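*Asks:* Residue strings, one per chain:
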Amino acid sequence: MLAADLLVAQNIGFGIIALLMVVGALRVVTVNNVVHAALWLVVVLSGAAAQYLLLSAEFVAITQVLVYVGAVMVLFLFGTMLTRARIGAENDLNNKNWKIAIPVSLLMLGVMSWVIVDGFSDEKLIENPGEMAQVPVQLISDDIFGPYLLPFWALSFVLLVAVIGAIVLARKD
Amino acid sequence: MLTAQFLLLGAVLFCIGVYGVLARKNAVMVLMSIELILNSVNLNLLAFSVRHGSVDGNTFALYIIAIAAAEVGVGLAMVLLIYRNRRTIALDDLSEMKG
Amino acid sequence: MLAAEATAEVHASSGWFLEHAWVIPIIPAVAFALIIFFGKKMPMKGSEFGVASMLASLVLAVGAAWQWIQRVDGVAGAAHSAAEEGAHHAAPFVGPIIREWTWWQSGGFEFGIGQHIDGLALTLLVVAFISTLVQVYSLEYLRGDRRYTHFFAALTLFSGGMLAMVLADNTILFLLGWEIMGLCSFMLIGHWWEEEANSRAALKAFFTVRVGDMGLLIGTGILFFSANSWTQEHLGVSGFNISGLSAWAMSGAASQSALTWGAVALFVACIGKSGQFPLHTWLPDAMAGPTPVSSLLHSSTMVVAGVFLVGRLYPVFWEGMKIGDTNINFIVLIGGITIVIAALLAFVQHDIKKVLAYSTVSQLGYMMLGLGAGAWLPAIFHIFTHAFFKACLFLAAGSVSHSGSHHSFDMKKDMGGLAKKMPVTATTWIISTLALAGVFPLAGFFSKDEIIDNVGHNGYNAFMIVGLSGAFLTAAYMTRATYLTFFGEARGAAAGEHHDEHAAHDAHTDHGVHDAHVGHDTHAAHDDHDAHAAHGDHGPHESPKLITVPLMILAALALVAGLANATPFGSNWERFKKYVEPSSEYVVAESAVASGPGESIVLPAAEEGEKKEGCAVVAPEEGKVCYFPTVSHAKFKWSKAALSLVIVAFGLISSWLFCVQYYTRRNRRLVGLTERNVVLRGGYKVLWNKYYLDALYEKVIVRAVAYPISRAAYWFNQNVLDGIVNAAGKISRRVAGWVYRNIDQRVVDGAVNGSGAAARGTGGALRPVQSGKVNQYGALLFAAAAIGALILVIINT
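Protein chains in written order, with the numbering used here: chain C, 1 to 173; chain B, 1001 to 1099; chain L, 2001 to 2797.
No lab work stands behind these hints, which were simulated from the structure alone. All values reported here derive from a predicted model rather than from experimental measurement. The beta carbon of each residue, even a glycine, is placed where N, CA and C say it ideally should be. Hints should not be assumed to be uniformly reliable.
[As the list claims (entries may be wrong)] Which residues of chain C face chain L? A partial, calculated answer using Cβ under 10 Å:
no.: 1; residue: 9
no.: 2; residue: 10
no.: 3; residue: 13
no.: 4; residue: 14
no.: 5; residue: 17
no.: 6; residue: 18
no.: 7; residue: 67
no.: 8; residue: 97
no.: 9; residue: 100
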């Protein structure tokens, strides 16, 4: 496949997935049913995994599917089931001041879009997309266990604390 | 592929997430919105990773995924606890932090 | 270089203790863990770990000190014999023993952990020694306390932190030790936290010191980023390394603004930690902790950490503050102010520990004054001598309250005439008081007088007068405290009165924080005491051996410690100077870390004549660095010393006569003078209210900053946020009246009323923005972040 064709294909792929993600994300924050919101979140997270593939980050994409779409979503559904007697549409998932959130988030979007367009107006991510090499896992592991070992330790500690904390919090007594 | 397109997608997701955090009452929904925010950050990290030809972005994206998993675990445990004590998870009703 | 170019080489000896000095702080750290995990199961409730670890540290510290002395002696001896052969050599620079390992790395940065032991690091001898004595003393003083084990754990961890800080070879490790001490200080001040005043004092100490600690973080950062490339290039160490920073500061390559701001930021940290004006207010309140804590942390060791920091990175301060060239700078100014204001405050205290606390603040001011005026050695020597006699004074005060005044610290109510009942305590107290006042030939004379002398010698004449007036005040307020405690007629508990503890307790609360030993929570301990035959009828009596023996040891040291650097007796007596002060010589730049055992030291060829020309006086040669500035020493003159001795004697005698007239004879011309005379009354009021600094911090600053913010936030909440919704409501009301009942009523007004009601319901008059609603906080946060980003973007485009 020619580089130009590849570029077109990538751009079309990006557009479709991005549209799906934005629609999914909007549904997540607007639907009146917690379970539906969780399912829309699956759409967004899978879309994100696909975008990571486009960015040639295979390993992160796989982790995304495993951890997010797999484990985290199950947690969410469990959380929903354990905290609500009734699974179905509800009327008042928004709080009373929800209108304030609209100008605030629009303001943030405006500022960020301006900065992004101003700073990267038509800069190519990479000159020749055909050369975009997949990131070998070995490089990532060298990175994790080399210069970024300390954050890795801190992270392990955070996970340990999270496990203990979750047990302590959810313990019945 | 432009750099800006990934960054803009990230920005849109981020703002939708912020809206969700601010507007939602249900604690589980707030947690989901936070996941949106975290994913938008990951998208930025990976885009910049490609742009700079460095693998650091991937590393930190992985770290963020791990942090998010921990955060959801603890967050849901807290939600469960709140639910057990008050029979509701509506954040509006929680105003213990009132000064 | 006219003199002999022929250089001699000499091997600087090292030894096991010097090479392994890093073990010293690790022992208490391990003991801390042991106490926490196994302490409660042990027969002595964990205190045995604490005492044993401090003894072990002390032994190692003594070994290290001994080998350091051997090392300096070896080099000096070689220099001396070379001099006899005709080659003239100046005192060479004896390198510190530095060992460093990689602690952690992150993203290309490596952070080291290691030891840097030189003359100054021998401070650890004092730390280990006083820690040991205080732990022994605490065995008796806290017997039966409900948190006995935790007390020893915190005390031991504190010692570990302080030792780590003293031995630190880089600023990160220094910061670690510094913060460990801050944490332990908080835990120990609030040891009896059931009483609200104590926990408030602990919080106050913690927060006040934290304000200063920001300076340490900022200063470390400034120095690292300005020095790192230079130190990497010339010495192969990072910009955190202390000897690297010293060499960088002296190299002349450092940017002056980086040095100045770095030094100012670091000195802010010293102001907080060492209780200098204007952040000294926490130290007197910190006396709420148990007396051994006051003795160890808040007089002799932890509070000198700030002084130690200035002494440790002295080249940075020397160059940053231009100490050698000016006759006024930030450090001497703060030090001078602190000496006088703290000494004045000591006059109006009723609580014996608070007198000592203000005295400590004032003495720390002397150390800062000395460092700021280029009197490095006398200031460091004052750390040593002050540690002994101030620790002794605090322990004696504790002994008085423990056995003499029924756990009260109020000199006016519960003491007096105790000298006959408690001879050992009284004797040790008086010896230490005279040492503190600077009476010849006790310890304080040799250090304090040297500071004052050198301050004048280096051109800071105005501050020499401040130092002399401080000496007068010190003698006077200590005499007052001595008289009130040990002489005159016995009052209150000292007279053997059995007064109701709760009544006493209530009567004392108006003096602010006092020792919670009177508090109800230690009643259990009290009942134990009743069982003791020795405690008998609660009347005053001498304290048991575990208390008096540490007192006697410390008092003996207060007597003789000054002889370690007795300038008046000639240079042979200046041992402290010989072993502690680094020589200001250019040495060949090599990796500071590599200077391990047995490296060769090239004896520098000295110039003709007496005047030694060290760093910063002559230009450096290529490839040579220097670690210490050239400080000059005043020549001792009896005429100058006599002046200060006369001043001290005048202070002692006049104060004694005044006390006799005022407190015992109740001389009518003196009693009530503060009520009759307007000027005196005003002065007394200002002092009694501690210059209104606490009021300034709590009422003015906190109100002026926190109030408007919360008010503005409230206004924003009520007017802008609600206003947005309100406005929407009004517009829609006008546009379509009939929609009002259907939509507006339910949606918009609902939101308005809802948020209004929420705000009304939750908002008291004070902090209404803290509605407790997470969403509102979030909205404010994100909106503020977005607006902040917008402003940044606009500014930058």
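*Asks:* Taking the hints in turn, state whether each one holds.
*Replies:* Each hint, compared with the structure:
no.: 1; hint: 9; result: violated, 35 Å
no.: 2; hint: 10; result: violated, 30 Å
no.: 3; hint: 13; result: violated, 31 Å
no.: 4; hint: 14; result: violated, 26 Å
no.: 5; hint: 17; result: violated, 27 Å
no.: 6; hint: 18; result: violated, 23 Å
no.: 7; hint: 67; result: violated, 24 Å
no.: 8; hint: 97; result: holds, 6 Å
no.: 9; hint: 100; result: holds, 5 Å
The structure is inconsistent with the numbered hints 1, 2, 3, 4, 5, 6, 7, although it conforms to all the rest.
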